[in-house]
Every structure is written in C-alpha cells, then in structure tokens.
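Trainee: Let's have the full structure, built from the sequences with the hints guiding it.
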Amino acid sequence: MRQAIIPFGPQHPVFPEPVHLQLKVEDEVIREAIPAFGYVHRGLESLVSIRDLHQMVHVVERICGICSMIHALCYCQGMEELMGVEAPPRARFLRVIWSELHRIHSHLLWLGLFADSFGFESLFMELWKIREKVLDIQEATAGNRIIVSVNVIGGVRRDLDLSQRKAMLDDLQEVEQAVRSVSGVLLTDYTVSRRTVGKGVVTGEQARELGVVGPVLRASGIRQDSRMLGYAAFNELELEPVVETDGDCHARCRVRLREVFQSIDLIRQAVSRIPEGELSVKVRGKPEGEAVARVEQPRGEVFYYLKANGTKNLDRLRVRTPTFANIPALVVMLPGMWLSDVPVVVLSIDPCISCTER
Amino acid sequence: MQGEVIPVNVETVLGEAARAKAEGWRLVTMTCVELDAASVDLLYHFDRDFELKHLRLTASKDALVPSISPLFFAAFLVENEIQDLFGVRFHGLVIDYGRTLYLGEDVKEAPFCRYVVNDSGDQG
Amino acid sequence: MFKMTRNILLNLVGPRATRRHPYVVRPPFENSRGEPVNDMEKCTLCGTCAVKCPSQCILVDKPNATWRFDPYACITCGVCTESCPSGSLRQRNGYRSPVCEMVPVLLRGRIKEGKPKAADQVS
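Protein chains in written order, with the numbering used here: chain V, 684 to 1041; chain Z, 94 to 217; chain W, 784 to 906.
Simulated from the structure, these hints should not be mistaken for laboratory data. Just so we're clear, the structure is a prediction, and the values are computed from it rather than from any experiment. All residues carry an ideal CB built from backbone N, CA and C; glycine is no exception. Heads up, none of these hints are tricks.
With the C-beta cut set under 8 Å, the calculated list includes, among others, these residues of chain W facing chain V: (1) M787; (2) S815; (3) R816.
Mentor: Dropping the structure here:
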C-alpha cells in the first residue's frame, strides 16, 4: 500500500471559490486531509482605519457575494448596540424579509452546485432558473440583485409598499411550486442517493466537539439555529429549526431544501404582520466600547466583534464566518472516503471561501 | 459586551479552556486586537445554549502563547491566522502552517499590526 | 430514476428560458440603481457627497467650482443622492452599458454668493 499526496487544488471545476486540500491517498481511499486557503484574502478588516462607521456598511456587504445583506445586518446590529439605538419595528420586519430572500437564493445556488458536483447539470440549470426569479424580486424591491445595500445603522433605506409586497408573494408562490416539482429528484432519485447517502458522516457528538455551525450541525441532529436568539423580528415569528439526524451529505441537502420552504413561510408571516412606522432612526455621536453580534447566515452562525474607541473609525472589526468554523470538520469527514467522493463532501459544507478569508 | 469576561494570563489560559470544555462550552472563535506597539489582547469567545463567555488574555507581541487546539480542534485554523496576521506565536499547535497560511514564505512583518517601532524610537 | 424526464421534455418543446439579449432588452426595474447625475444649477458645491461616498469617487473643488466624478469606481450605493442637501444629485435607473475607454465626468458649476457673515456685518 503506497501513499500518494494529491493536491486537490485551488482550481477545481466543482469549487465556486478556491480552497486547497492536501490529500494523502492510499489506493483511492483518503487517509488524511489538510486544508489551506489564502488565495482570495483581501484584508477587509484592516479597512476600518480608513473608512468610517457608515462607510464600513458598504465594505462589509462586499465580504461575500451570496449572503451580503446578512453581513451588513450583523454589523448594523453590533453598531446599534454600541451606540445605544434600536431599529424601529417596521425596519426589523423589512430586514427579516430581505434576509429570508437571501437565504432562499443562497440555498438554491447551493442546491444547484451540489447537483453539478456529481454531474447532474440539467438539475443545476433548473434550480438556477428558479433562483433567477428570486433575484428579480430582490432587484425590483431593493435595487440590486445580490448586494442589495438596504441596511444602515439604525434601520433600513428602502421600503416595501403594498403592491410590491403583493407582487413578491405572487412570485414566491411560483418559486415554491417550481422547487416542489424539482425536489422529488433531489430527495428520492436513485443516482443522487448512491452518491450522497452515507458519505461524509459527522455524528452529533463530533459536531458538537468540532464546533460546526449551520445546516451541517442541524443535519447531525442538534437543534440549534441562531435565529432563535430573536434578533430583528424573529422573536415575533414562528420558527422551528429544521433538523435531520443522519449526518451525511444527503441529510444536509434535505436540511437546506426544507429551509427554502421554511424561509418562504417566514416571509409570508412577516408580510402579514409588518407594522406601519418609520424606516430608520437618526444616529448621532461616536461609539465607544466593545460589542458582539451573532446572526444566522445561510451557512451558519456568523460572529462579529466590534471595538470602538470614541472616534469615527472603529478600532477593530473581527468577522468569523460560518465556513471558517466548518472547515476543520473536513479534516474529520474526509478520511475513509473515496477520492471521487471528495468534491461532493467538500461541497456539502457549503464552502464560501471569500467570506472565510475576507 | 454581552457575556461574562474572565481575565487570564499565559499560565492560566489552558486551565480555563479545559474547564470550559468540561462544562460543555463550544469555542466560537478567537479575536486578536492590537492595543499598542508592544502588546495585544487575545479574546477567546465561547458559547453554550446561546449564552456567551469570553476570556481576555493580554500578552506582549513576542510572548509564546500556549495553543488550545489539543482541546478544541477547531482552534488550529484561527490560531494560524493570528500567527500570520499579527505575529503572535503559539506553541503546541495541532497543525502548524508556520506563517504560510496567508503570507508568502519571505514575509517577515505582520500585516494587521499598525504600530511599527523603528530604530529612532518613534511610534507611528 | 427518470424523475427529471418530464422537466427535460417540457424544456425541449416549451418557450426559451433565456432572453435573446441584445436583440431583446429587458427595461430596468423602477428601483434599479445606477450612477449619480448632478444638476450643476442646483449644486452648491458643499462637498457632502464627497465626504460620504464609501468608495471616494467624487472630488469637489470649491475654489475652482468643479465636481469630478469617477463612474468606474462608483458602486451605485446611492448614499450621495440621499445625503445631498440641495437635491441636485439624482440616481440614474439601471447600470451603464460597457465602454471602451474610461473617461471621468468633470462638471463646472457656479460659485454662489453666500450670505454675509456676522463678523462682516458688525464691522
């Protein structure tokens, strides 16, 4: 039995973003996997010394090109805690609506990439066709397809009037029907099951010890979702975390698919309960002190640490994105897999490397 | 900041981390904040059932901090990143990239450190 | 095993899923963002837009009464338009089409006569 070291390189057709894995392989079976990244490090955290508090919202939005609004939401929540303001109720409901739209489009993107990782290109195209409708909703209401730029410290910048809300609900009805018609393929197709069931298993105990977050954690049976903290308007909506117990790639796929339907339901609840009121409060003064903010991104829990020293620039901004917490799980998941399973397993943690490296 | 903040030093940090692990806390992340030209603040953030707890370790930039990656495996990635960006060295890392995770092999300075003391003694 | 067959057959005989761009162009949505446009008749050259811009693409030179804008650094966030006190900035609808040469926008304004200050009046 001879060992070979295969660089599962930064450039691979299955990865949306570059991450490097050094795989020690013995006759097609992986024995050890060591991750490495750093190919897209932009050093965005060091921009706090140049851009002031309000300009940093736009920098923080651009950390990730998939979950951009939720980064801005976490930053604004942390700053609102530091400056002692609270966003008005209407703004909190609007933030929920746009966050859940982001979650739907991110999960549809991942489902498409997941199908592409084992070669099912027609399913990939179908799912991304459905995703285009969600992006059209975001452009029609907020102005841009993904980097929607609706959050400011103290509230939101854009409003949703009655006709926009009705159009959004009609479009979401079509999205839901389309996803339901395709979900049968993902859940019960024979070839999909052969490629994903039993691969990359993480048990509940291992998940808790490794500190994984997000759908990877919920697919291993642990009922934890940062939306249960009740930030934005989530404490006024009915939310039950989606949990599966198998812990393999197929379970993670099921969790994300069910979360798409859960997000559509949350948007319907938010639209029916949204109160009237102003969109943002005026924020004055310079912050001082430390604050911590946590929000549920599509990939898991994102953690922001903000330190301010009384000037208009922050002292330190630290962002820990969920993929950063999920990558050590790859070191445990990959040994024992075949080399051809590596793309499927790595993609099942939903790697967003541009978030991870900022 | 929400959550209790417990000050530790280089000798007690492993003991506090072991106690947190035994009590069921999960490591969220570690943060490094540069305080001035000579010292950094290392914060360890833990979470259990949506409750937060922090350990604050104030160390000098050339101190050798013990790594908690034997206890919390996920810490190896964060500690390697702090080694690269701030120049603080950890010993006992489970997987040590030796300051090459983000930086090239010939880079000596720490990119996120703003204070540089040059020979004439000025601080900028 | 053949669950996708129905979708594939519908796609083969049904309408196109994509638009035949550039022969068919979808008009931009009402709220789509674009670059700012400055009406120099109303602009007071206060410089608020230059201070607030997150990508620092506006340069206001008050002594020479010029307003210089780099459209290729603009991220179309709309902060300048929202913070303009005189209402001279307006955001275009929809993004610009590709260009072959990057040319910044340089507009000239008029230096308006300000109100006399209290110190001048006393003396």
